[in-house]
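Novice: The lines below spell out each chain.
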Amino acid sequence: MTSYLDCNATTPIRPEVLDGMLPWLREGYGNPSSVYALGQRARAAVERAREQVAAVLSAADASEILFTSCGTESDALAVAGAAWQAHDESKGRRRKIVTSAIEHEAVLAQAGQLRRRGFEVLEGGCGLDGVVGVAEFASLIDGETAVVSVMHSNNETGVLQPVAEIASAARAAGALIHTDAVQSLGKIRVDAKSLGADLIAVSGHKVNAPKGVGALWVRRGVRLAPLIAGRQEKNRRGGTENVASIVGFGIACELAGRELASASAHALALRRRIEAGVLLVSGARLNGHAERRLPNTSHFSFEGLDGHHLVVALDLEGICVSSGPACTSGASAASHVLTAMGVPPALAAGSLRVSVGWGSTDADVDRLLAAIPKAVEKLRAAAIAA
Amino acid sequence: MKRRVLVAMSGGVDSSLAAALVAERGDEAVGVTMKLLSRGETGFGCCGSPADVDDAKRVCERLGIAHYVSDMADIFASKVIRPYLDAYLGGTTPNPCVECNRSLKFGHLLALAEAWGCAAVATGHYARVVNGRLLKALDLAKDQSYFLYSLNARALCRAEFPVGGLSKEEVRAKARALGLKTADKTESMETCFVPGRDVRGFIAQSAGADAPGLASGPIRDREGRELGRHTGLASYTVGQRSGLGLHGPEPRFVVRLDPAENAVIVGGADEVWSRGLVAGTLTWAGGAPCGPLRAEVRIRHRHAPSPASIEPLPDKTVKVVFDAPQRAPAPGQAAVFYSGDEVLGGGTILRGEDA
Numbered sequence: 001m002t003s004y005l006d007c008n009a010t011t012p013i014r015p016e017v018l019d020g021m022l023p024w025l026r027e028g029y030g031n032p033s034s035v036y037a038l039g040q041r042a043r044a045a046v047e048r049a050r051e052q053v054a055a056v057l058s059a060a061d062a063s064e065i066l067f068t069s070c071g072t073e074s075d076a077l078a079v080a081g082a083a084w085q086a087h088d089e090s091k092g093r094r095r096k097i098v099t100s101a102i103e104h105e106a107v108l109a110q111a112g113q114l115r116r117r118g119f120e121v122l123e124g125g126c127g128l129d130g131v132v133g134v135a136e137f138a139s140l141i142d143g144e145t146a147v148v149s150v151m152h153s154n155n156e157t158g159v160l161q162p163v164a165e166i167a168s169a170a171r172a173a174g175a176l177i178h179t180d181a182v183q184s185l186g187k188i189r190v191d192a193k194s195l196g197a198d199l200i201a202v203s204g205h206k207v208n209a210p211k212g213v214g215a216l217w218v219r220r221g222v223r224l225a226p227l228i229a230g231r232q233e234k235n236r237r238g239g240t241e242n243v244a245s246i247v248g249f250g251i252a253c254e255l256a257g258r259e260l261a262s263a264s265a266h267a268l269a270l271r272r273r274i275e276a277g278v279l280l281v282s283g284a285r286l287n288g289h290a291e292r293r294l295p296n297t298s299h300f301s302f303e304g305l306d307g308h309h310l311v312v313a314l315d316l317e318g319i320c321v322s323s324g325p326a327c328t329s330g331a332s333a334a335s336h337v338l339t340a341m342g343v344p345p346a347l348a349a350g351s352l353r354v355s356v357g358w359g360s361t362d363a364d365v366d367r368l369l370a371a372i373p374k375a376v377e378k379l380r381a382a383a384i385a386a
Numbered sequence: 001m002k003r004r005v006l007v008a009m010s011g012g013v014d015s016s017l018a019a020a021l022v023a024e025r026g027d028e029a030v031g032v033t034m035k036l037l038s039r040g041e042t043g044f045g046c047c048g049s050p051a052d053v054d055d056a057k058r059v060c061e062r063l064g065i066a067h068y069v070s071d072m073a074d075i076f077a078s079k080v081i082r083p084y085l086d087a088y089l090g091g092t093t094p095n096p097c098v099e100c101n102r103s104l105k106f107g108h109l110l111a112l113a114e115a116w117g118c119a120a121v122a123t124g125h126y127a128r129v130v131n132g133r134l135l136k137a138l139d140l141a142k143d144q145s146y147f148l149y150s151l152n153a154r155a156l157c158r159a160e161f162p163v164g165g166l167s168k169e170e171v172r173a174k175a176r177a178l179g180l181k182t183a184d185k186t187e188s189m190e191t192c193f194v195p196g197r198d199v200r201g202f203i204a205q206s207a208g209a210d211a212p213g214l215a216s217g218p219i220r221d222r223e224g225r226e227l228g229r230h231t232g233l234a235s236y237t238v239g240q241r242s243g244l245g246l247h248g249p250e251p252r253f254v255v256r257l258d259p260a261e262n263a264v265i266v267g268g269a270d271e272v273w274s275r276g277l278v279a280g281t282l283t284w285a286g287g288a289p290c291g292p293l294r295a296e297v298r299i300r301h302r303h304a305p306s307p308a309s310i311e312p313l314p315d316k317t318v319k320v321v322f323d324a325p326q327r328a329p330a331p332g333q334a335a336v337f338y339s340g341d342e343v344l345g346g347g348t349i350l351r352g353e354d355a
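Keeping their order, the protein sequence lines are chains A and B. Okay, so the first sequence: first residue is 1 according to the working numbering, each after it adds one. Okay, so the second sequence: first residue is 1 according to the working numbering, each after it adds one.
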């Protein structure tokens, strides 16, 4: 019996989602671009999903949704696509990318690629509370900025970022503004209309849809240089549509939109219990802003132990949590997010992220709260013994 | 009663089969690969290099057991690499495997294992533990008990060597039969953190090209006559013949390294034999002896243990006197005391003694 409390890494597929997908893995195998009815039905399914994703993001029109293979691809297309488009349209004048030091690897790695191809990449920092500084961003953005990318909420700490304020600064300078909302979708409201962004990246497997599907909301009129050339997705992203997963993503978005209030209240109630319990452990602290956070995410540091070893100890008890983002597990390098926040390396090394979601229960929390104090005590003793 | 056993997995065939044997007998095996070098230094096939981690992971998947990576680069640097460098810079010949077994596998990892609720730590070493006593492997040609003398009584209570009763051929055959991808993997014989056995290169990279052990100096005979120049003490070990660049009528051997004078002292073939030695930093499996004892003493890996009298000295060292002189006990290497198959204890050779 597993207690899964790592919903920021991925989420279980909901049965409604799987049920909705199965016909498209069986008899509905048509290519959405085909002329005959089998293809037309697949096309209709994809377009229905597009509407569902558009609705959860309050997009003005379903045509603003572009399907991709994952959140990372959505981020890459947004950052690189916008950067090259703005660069070319401005005849090379717009040659800067402004982003934050706490972005997901998807954005930072893409920005790194663009740096090697001549773009200047500027990174805004954040405070100890994990919130990026609006004033600093405003000072980094100018007439040479091609694209600004700042995440909607941080995947490690769950801290919400002032995207709307930064978007104003970007718009004033004529730069495009992208936000990685992969962790926010389904947890808090992501509103394309009021956010003021031009691009929003989301991912299926963080909202109880399968892995292998993501989406990018592209404000109508915004043009992107494609990463994968091809006719699909209105020439913006080539490749035959992943019909079943797109359908699943659509259903998951509809559920997420409909259940946002209850899901968020459920998560918050569990999170409060988790934090109250864990912070009783001596030498434990909560990282990031106390209030301005996703309702489902808690990020702790424990003095005197390696967070990775705590994750192993909890796994051996049947509890899934993480010490850093799933992508970098295994190496005990301090997280770039905690480093940017100014968390001392010794504390950053003893990190634990707990993220609840659909399917998380009070029993899971009971189990976690029973296991953590013992595991922490034993690991500290081991660190001293060695 | 099912026990949880941590298996230290390097990604080689021996530890792969150790994990398989623990799982096969019905215990809960938990595979752990220690990451011993920080990113950037890996990639030359050492313990915890990405390819070895992958091999260990594939084996655990095949066995259906959990596998984790534990980053121990910092502690490996301070407990193994640093003393290794210090030894070479101080004119002795280090034995890093002894320190790794003491401080990493049966130090830090054992402590972690206890925190993780594991009853034992198993490794792929060729040795045996019976009732808390450390014994040579059944396959004497593969015996690694020499590198394990540094395990204290507490560690020996928790240590398991599942392949210690098998020959290498049996290990490979069984690994093949189980479909483990490491079954025919080549064995690494070099110091795991020194790429290509290039000790000088490693010292230069870690301690600087001007490190004392790399500085040229005189080669002298016992009477102090300079016979040539050496390329740095780190390139020499007591008993060594090659690499001296001497062209005299008789072969010359390294008799002693003199770090104070940065000199290599050489002598004839008969001068590298010692009647005895003094060893310190002792470990006794069953507690320190209260008086002199008889044992067979091994002074390097693959050396045939030789009968000797061991006399504990007041300064926590021992004086070992061999029944018959032994060739070239090298300061820094281990002297391990056996009674038949059993390891009684051992220590680090401080100096050889003529009488």
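There may be inaccurate statements among the hints.
To be verified - In silico EDC-like cross-links for lysine to aspartate or glutamate, where the CA-CA straight-line distance does not exceed 16 Å:
#, chain 1, residue 1, chain 2, residue 2
1, A, 374, B, 114
2, B, 142, B, 353
3, A, 378, B, 114
Don't read these hints as lab results, they were simulated from the structure.
Novice: Between residue 378(A) and residue 114(B), is the straight-line Cα distance small enough, at 16 Å or below?
Specialist: holds, 8 Å
Novice: Next pair to validate is residue 374(A) with residue 114(B); report whether the Cα-Cα distance is within 16 Å.
Specialist: With a Cα-Cα distance of about 12 Å, the restraint between residue 374(A) and residue 114(B) holds, given a limit of 16 Å.
Novice: Would the pair residue 142(B) and residue 353(B) pass a check requiring their Cα atoms to be no farther apart than 16 Å?
Specialist: violated, 29 Å
Violated hints amount to a single one, hint 2; each of the other numbered hints is respected by the structure.
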